[in-house]
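Novice: Listed below are the residues making up each chain.
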Amino acid sequence: MPTQIDAASLGIDFAHLAPEIILTLVAIAVVLVDLVARDKSVLAWLSALGVAMAGGAAVWLWTSDASGASYSGIVITDLFGTMFKLIVLGGTLLAILFSPAYVERRLARFHGEYYGLLLLATVGMMLLVSMGELISIVLALEIQTFALVALIALLKDEKSTESALKFLLLSAVATAVMLYGMAILFGLTGTTFIADMPAIVAERVADGGVANNLALILAGVLIIVGFGFKISSVPFQMWVPPVYEGAPTPIVGYLSVASKAAGFAVLLRLFIVVFEQAGLDALDWPLLIGGLAVASMTIGNVVAIIQTNIKRLLAYSTIAQAGYILIGVAVLGNGEANVYELATSGVIFYLAAYTFSNLAAFGALIALSPPNGNDSIEELTGGFSRSPFAAVVLTVALISLVGLPPTGLFVGKIYLFYGAVQGDLWWLALAGALNSFVSAYYYLRPVRRLWQSSDSDVATSEAARSLSLRASMAVSLIGVITLGIVPFWLISRATEAAASFTP
Amino acid sequence: MQAFDGLITLIVFLPVIGAAAVAIAGREQMLVRRIALGAMILDLLLATYAWLSYSANGPIVEQLGQYGTDPWIPGVNASYLLNIDGLSMPLVFLTVLLGVVAVLGSWHVKERVREYHVWLLLLLTGVQGVFVAGDLLLFFLFWEVELVPMYFLIAMWGSGHREYSAMKFVLYTLFGSAFMLVGVLALRFAIGSFDMSAMTLAGQEDTLRVAFLGLDAIFLMFLAAFAIKLPVWPLHTWLPDAHTDAPTAVSVLLAGVLLKMGGYGLIRINVGMFPGEMEQWAPLLVILSVVSVLYGAAVVFRQTDLKRLVAYSSVSHMGLVLLGVASLGAVSVTGAALQMFAHGTITGLLFLVVGIIYENAHTRHIPDLGGLISRMPVVGAVFVFAGLASLGLPLLSGFAAELMVFLGSFDAYPWQTAFAVLGIVLTAGYILWTVERVLLGPLKERWQSVKDASPADFVAMALLVLPIIIVGVYPALVADVFRDTVTLLVGGG
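These protein sequence lines are chains A and B, in that order. The numbers in the numbering used here rise by one with no breaks, and the one at position 336 of the first sequence is 336. The numbers in the numbering used here rise by one with no breaks, and the one at position 372 of the second sequence is 372.
Errors might be hidden in some of the hints.
[To be verified] Short, incomplete list of chain B residues facing chain A, as computed with Cβ under 8 Å:
#1 Val145
#2 Leu147
#3 Tyr151
#4 Phe152
#5 Glu163
#6 Met167
#7 Ala178
#8 Leu181
#9 Val182
#10 Phe189
#11 Leu426
#12 Ala428
Keep in mind that the hints were calculated from the coordinates and are not lab data. Quick caveat, the model's predicted, so the values are computed rather than measured. Ideal placement from N, C-alpha and C gives every residue a C-beta, glycine not left out.
Please put together the full structure from these sequences, using the hints given.
Specialist: Here it is as structure tokens:
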């Protein structure tokens, strides 16, 4: 115990939180600038700059070898966290870039609030992926949840408000479930620090208390189920369709990738350290998580088939996609050290490719959607003649979501399924591949509409001409294709990141 | 002639370069067609060069990085490895040749010409990739690449229930490839890489072992994918729909080379890597093949749509491919491969002719047609020629191929072969009957002003007539090349 409390002895090191601190300051600056700025477009650029700076800081942390724990072990800086931060920041940057036209049209009164809250939610997610202590994890989770609730409700119409309320309530339930699991964990181990848990857990298990063992399993199940909310998987997927339908489109895009990535980061961190190192084999983890994965994929894909609203379609799609990623988590539960790295890097790669693909889809949807805000699939008819570029982007994005080459998610799926086969879970790979087959049906339908000739001659929408929107679509498109053709760079980085935190 | 580095890559990706050029060429239709045609003619020259190099120096291999050092997907140990051996060479050539024919046969497409050619060229890259991939993951990638262009080509430029047919095509293939993917990954763990030649070697030496899945299961997973693609009865139902509703050039490619992906996969993977399992399952496959031959031929008689008629005849002819493959002799498998090549040119030609008739008469309904030969002498003559080739007239390529299949399979399965030969009789019947109904008889009033083939059509037809005659007169030209590789896979000479 330190007798004298000072910054150094507590391991307080501002450098390790540099990205988060930068983003918080920029978020405050955005709100202040909003008060004086006449031209609101400066806010978007300021936010984008802030995100880029935070990304720069994260990369600097990566290269400067400043890894390790700080703040008494609350903050963990490692490649794994950095990788996820970059995915979250990338998603945020793209979402900010495709916001201006939409915000101008639909949220004209809330420029400052919109960007400020977006940045704060991102701060919450970034904290989430680097926290090594349970209470801090919950705090980070709440930071992002409250920012997101406000963002979802920002349209202030009936659907938007209703979906925000649903999001808030279900989030509360899910967090309660997760907290319960965490409380049990604390009760068993007497610590909230993740790093200390494996040794204590192993000790308890070795002592032979079957009761303890069962309690631990219960804690694990509750935490996994609670995180189902964050990653939008079964059994907490109910909030997804209404929120996707009601919330502002750029926010939906943002939510679908950044929030999911952060959720998976924490899930992996908790799961691998606490449960895997303790060598719990009283429960068939792969079967449990694999079951959730199959349920998510199947429910998402099958219900998506009957959707007529493109945003609801993408909502069910995201539930299905969470299922594919859960395959990677299930493989971890297999408990063999040699598959840890493979499965973890698979999850990272898939999330990166998914971020590009899904944001490409949402960016193109903003560009293509008619001014009246109608999101039915029929409205996409003739999209190619209205905005050829957006139509190409949406086509490639949806092809990637099916998992067809040459796109990022094709490689992502191969990589995840490969991990599954490596981990003796070939049935999960088969279930995933069969689900891709089902998903082709509903992903290709909107694509077909896009390229059809339209009867009515609709002029190019205002949004499609926005420079920042086109830029973000171009970046996403290049990302999707590049990851599909030359995936090795990112896979190598993802493998390094996985190695940095796997035991 | 010596193959140069990057020759295969160039052959495979030249259509992609062409597609990119077409995409930026603007809306000038003639320019688009010329670029596409130029790209494919250049590709044809390269493929010819590759063939000459193959006959002089044997198989061509191309690899970017080695397994284990600089793979395409690290951790998984997949590599960018292409090779052309005896089994691939004629099929690559066939693909490129039909590519030229397809561009020429699309001369009459007036709607969204630029997008059409982009998809057409991308499709060709996907199909060629399947035939040259030396890495099983790459094989799977190319197998799937072809789906999206095909979906668009049928759904956008097709006729009838085009959306339904396009989706059916995609879903059938994807269903098969879901199983194939698991098989691909399972084989990876047996070998330690995706190197197909290493897999074949292990398969031939019977050292292929997978810890968690029986070889039988993996064999069946691949079989499912290839049987759907070939197609084998009862998995054939996507084919008549896709053919009927696809635009002419796409039907040509579908019959000409896409079905061959299934036959190629059967020979390369099921026969090459699982000789033991293949032997075990062969009797069942032979029965399925005979059913395909007879069912396809019998159903043809009930068709009133000219394209659907040719489509079912395809089912029948591809049944012969399966018969040859499942008989597992060097002669019969070589015959099956030759049948794929011959069928590619013959049925490609039939679809082309049917397309030209449809383009000029605006109907494919057989009872409405009749006496067309007096107004379309060239098209009529080629139709008769293709029909005769299809029913196996000696000195045309179909005869040599079918003869080899029957000779090869008769020893092992005399009764089944006898039934399959019955299919040939049926073929002769429906071909002649169709010729009579469409071309002969009194000319109907409404066909007085029907036009004959355009110059583009004429060149396209000539490009397919030539190989039918050449291979028919001198089958060894192609058969010997196939046999080089087939003997390695099935043993014996």
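Novice: Next step is simple, just say for each hint if it's right about the structure.
Specialist: Verification of the hints:
{"no.": "1", "hint": "Val145", "verdict": "holds, 5 Å"}
{"no.": "2", "hint": "Leu147", "verdict": "holds, 6 Å"}
{"no.": "3", "hint": "Tyr151", "verdict": "holds, 6 Å"}
{"no.": "4", "hint": "Phe152", "verdict": "holds, 7 Å"}
{"no.": "5", "hint": "Glu163", "verdict": "holds, 6 Å"}
{"no.": "6", "hint": "Met167", "verdict": "holds, 7 Å"}
{"no.": "7", "hint": "Ala178", "verdict": "holds, 4 Å"}
{"no.": "8", "hint": "Leu181", "verdict": "holds, 5 Å"}
{"no.": "9", "hint": "Val182", "verdict": "holds, 5 Å"}
{"no.": "10", "hint": "Phe189", "verdict": "holds, 7 Å"}
{"no.": "11", "hint": "Leu426", "verdict": "violated, 35 Å"}
{"no.": "12", "hint": "Ala428", "verdict": "violated, 40 Å"}
Against the hints set out earlier in the document, violations occur for numbers 11 and 12.
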